[in-house]
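*Asks:* These are the residues of each chain, in order.
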Amino acid sequence: MAHDVDTSKAVEIAEGVYWVGFHDEAAGFHCNPYLILDGEEAVLIDPGSVPHYPLVLNKVVSVVELPKIRYIIAHHQDPDLCAAIPKFEEVINRPTSVVTHTRAAVLIAHYGLKSDFYHVDREGWQLTLKSGRRLRFIFTPYLHFPGAFVTYDEKTKTLFTSDLFGAFSFDWHLYAGEYYIEAMKAFHENYMPSREILASAMRKLKKLDIKLIAPQHGSLIDKNILEHIEALENLECGDYRFYEE
Amino acid sequence: MAGYKELIEAVLKREMGILGPEKTLAVAKEAGLKTTEKGEVLNYTVNKEDLGRLMEKFNEKYGLVTVIGCKVALMRMAREYNLELPAILQ
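These protein sequence lines map, in sequence, to chains A and B.
Just so we're aligned, residue 1 is where the first sequence starts under the numbering used here, counting upward by one.
Just so we're aligned, residue 246 is where the second sequence starts under the numbering used here, counting upward by one.
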């Protein structure tokens, strides 16, 4: 059944978890920032690019007072998810930590951040908020960056997957529909390096109890989760073999 | 032995994900293909030129993402079936 969602506003996708993106009608490659509200703390996830900043900020302030944002998770260093971090730092106007992998941090530093880094690989692959809520980080190396990881919110069983489960789509809906697996394959075949590496990550994710997959590109997956994981587990991807000679 | 019909059907299936069924089938029709609403090709014979014309139409109307989104899968199928791809997919 289709979701009836007003994407002109921030959308609560799980208890206290918000999609704060926008419907970019011209794009075939949507970007999805998210926000977790947890009492007096908030976590902003993959906040986005400079051109998207005013639209994302507008959604963020509609659900949280900016100084509550204590952490910004950056799943890797690409500008479509990181470039707006310095702008958010200015308006948050209090110390924040950028949560990322060491391999990404050395590159994210070039955006000129003021925040400290919280290195997931040096902190036991988890972050515990003041309330006791735990975010777990699962390493997904080379998908598509050597320091790539995904974030699992134990409370809502939401998996924030960065580029994994993303899609090319001009027929965008906030929630994935009947043809989403094909759109997802189109993206992964081009951006992920090999079946072996992708399948290895999917085997890890299969062990989690997931209610919702929230990718940085494409649509949210709230139905047939296992079918979507297995579609990627079995996907032949990476085109290096076609350019060997 | 699979042929260009299978390649074209793979393209249509993929584009239904990227563009949605309505736009995909409209482009197929413009490229001279007869299809079912599920994207099965009804033309008696199709060839490399038909595949090339279809991809050119997708590129012209919706841009390179529609070509990139099919390219890896089509390269793999073409290698498996020993078929030559049109220039836009090479």
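It is possible that part of the hints are untrue.
In the DSS-like style, the derived pairs of lysine-lysine whose C-alpha atoms are separated by at most 27 Å in a straight line are [said to hold, decoys possible]:
id, chain 1, residue 1, chain 2, residue 2
1, A, 223, B, 268
2, B, 283, A, 223
3, B, 306, B, 250
4, B, 306, B, 283
5, B, 258, B, 279
6, B, 258, B, 283
7, A, 68, A, 87
8, A, 130, A, 114
9, A, 223, B, 258
By construction, these hints were calculated from the structure, which means they are not laboratory data.
*Asks:* Against this structure, judge whether each hint is valid.
*Replies:* Structure-based check of each hint:
no. : hint          : in the structure
1   : 223/A - 268/B : holds (25 Å)
2   : 283/B - 223/A : holds (22 Å)
3   : 306/B - 250/B : holds (22 Å)
4   : 306/B - 283/B : holds (21 Å)
5   : 258/B - 279/B : holds (15 Å)
6   : 258/B - 283/B : holds (8 Å)
7   : 68/A - 87/A   : holds (16 Å)
8   : 130/A - 114/A : holds (23 Å)
9   : 223/A - 258/B : holds (20 Å)
Of the numbered hints given earlier, the model fails none.
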